[in-house]
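Top to bottom, those sequences are chains U and V. All letters in the first sequence, in the order written, are residues 116 to 230 by this note's numbering. All letters in the second sequence, in the order written, are residues 9 to 121 by this note's numbering.
The hints are simulated quantities; they were obtained by calculation from the structure and are not laboratory data. Note that the structure is a prediction, hence the values are computed from the model and not measured. We put the beta carbon where it would ideally sit given N, CA and C, even for glycine. Hints are supplied without guarantee of correctness; some may be wrong.
As a list, the in silico DSSO-like pairs of lysine-lysine whose alpha-carbon atoms are at most 30 Å apart [what the hints assert, rightly or not]: (1) K86/V - K50/V; (2) K86/V - K185/U; (3) K118/U - K65/V; (4) K131/U - K65/V; (5) K50/V - K185/U; (6) K86/V - K118/U; (7) K229/U - K50/V; (8) K118/U - K50/V; (9) K50/V - K65/V.
DEER-style ranges, computed between Cβ atoms [what the hints assert, rightly or not]: (10) Q184/U - R88/V: 18 to 24 Å; (11) E171/U - V121/V: 45 to 51 Å; (12) E174/U - T13/V: 35 to 41 Å; (13) G222/U - L92/V: 21 to 27 Å; (14) K86/V - T187/U: 41 to 47 Å; (15) D144/U - E93/V: 30 to 36 Å; (16) E67/V - D144/U: 19 to 25 Å; (17) N173/U - S89/V: 45 to 51 Å.
So these bits of chain V aren't anywhere near chain U, every CB distance computed over 10 Å [stated by the list, open to error]: (18) R77; (19) K91; (20) E93.
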Amino acid sequence: AQKVTQAQTEISVVEKEDVTLDCVYETRDTTYYLFWYKQPPSGELVFLIRRNSFDEQNEISGRYSWNFQKSTSSFNFTITASQVVDSAVYFCALSENNAGNMLTFGGGTRLMVKP
Amino acid sequence: EPEVTQTPSHQVTQMGQEVILRCVPISNHLYFYWYRQILGQKVEFLVSFYNNEISEKSEIFDDQFSVERPDGSNFTLKIRSTKLEDSAMYFCASLDGMNTEAFFGQGTRLTVV
Numbered sequence: 116a117q118k119v120t121q122a123q124t125e126i127s128v129v130e131k132e133d134v135t136l137d138c139v140y141e142t143r144d145t146t147y148y149l150f151w152y153k154q155p156p157s158g159e160l161v162f163l164i165r166r167n168s169f170d171e172q173n174e175i176s177g178r179y180s181w182n183f184q185k186s187t188s189s190f191n192f193t194i195t196a197s198q199v200v201d202s203a204v205y206f207c208a209l210s211e212n213n214a215g216n217m218l219t220f221g222g223g224t225r226l227m228v229k230p
Numbered sequence: 009e010p011e012v013t014q015t016p017s018h019q020v021t022q023m024g025q026e027v028i029l030r031c032v033p034i035s036n037h038l039y040f041y042w043y044r045q046i047l048g049q050k051v052e053f054l055v056s057f058y059n060n061e062i063s064e065k066s067e068i069f070d071d072q073f074s075v076e077r078p079d080g081s082n083f084t085l086k087i088r089s090t091k092l093e094d095s096a097m098y099f100c101a102s103l104d105g106m107n108t109e110a111f112f113g114q115g116t117r118l119t120v121v
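Using the sequences plus the hints, can you model the full thing?
Shown next as structure tokens:
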């Protein structure tokens, strides 16, 4: 069975600090997909990134970067020079190749960026 | 940019009443989903729908729930007799193919009183 764990329930930082959100996953599939979604206070789910299990290259998009390590089953998300607008709940999610695109979400990490 | 649209944004209903939550997926998408998020908790899978039938469903999706794609554009979730514990945000999502990103609607907040 697939499982996603986000051990940090809440993180508080001051603007301009870097922050890393941890995500650890469990799956028996060799082919799977990992995602990060942002949920701002308005409530919608905003897609950030999708990664397949065969692509361990780290990715950078502006202030966001992702570190995928199969050896530790982790897919961590770093925000560099955080801003108040980054305040949100961030969800990591997993989709197994044979599970019809069903997403299993982690419990989420609430990030508060203070000015 | 195409988007998934859900209506209503907020619905309040009395316990025992039937509710229908509506979603208009992105037009060329083939896979449709409903997820639920109880306030302050994680997002949970309810059901997936492909080729006019349910392909997967979770334990949450019991006989009180049903889904339909009545006219080729709308995708609805019906709860026959609502309970207090059905209060949650319900998200619709659609995908254009296997293992692509899911596009989520903005959600419907259901409050059962």
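Okay, the hints, checked on the actual structure:
no.	hint	result
1	K86/V - K50/V	holds (21 Å)
2	K86/V - K185/U	violated (40 Å)
3	K118/U - K65/V	holds (17 Å)
4	K131/U - K65/V	violated (43 Å)
5	K50/V - K185/U	holds (24 Å)
6	K86/V - K118/U	holds (28 Å)
7	K229/U - K50/V	holds (24 Å)
8	K118/U - K50/V	holds (12 Å)
9	K50/V - K65/V	holds (17 Å)
10	Q184/U - R88/V: 18 to 24 Å	violated (45 Å)
11	E171/U - V121/V: 45 to 51 Å	holds (49 Å)
12	E174/U - T13/V: 35 to 41 Å	violated (30 Å)
13	G222/U - L92/V: 21 to 27 Å	holds (23 Å)
14	K86/V - T187/U: 41 to 47 Å	holds (43 Å)
15	D144/U - E93/V: 30 to 36 Å	holds (32 Å)
16	E67/V - D144/U: 19 to 25 Å	holds (21 Å)
17	N173/U - S89/V: 45 to 51 Å	holds (49 Å)
18	R77	holds (16 Å)
19	K91	holds (22 Å)
20	E93	holds (19 Å)
The structure shown violates the earlier hints numbered 2, 4, 10, 12.
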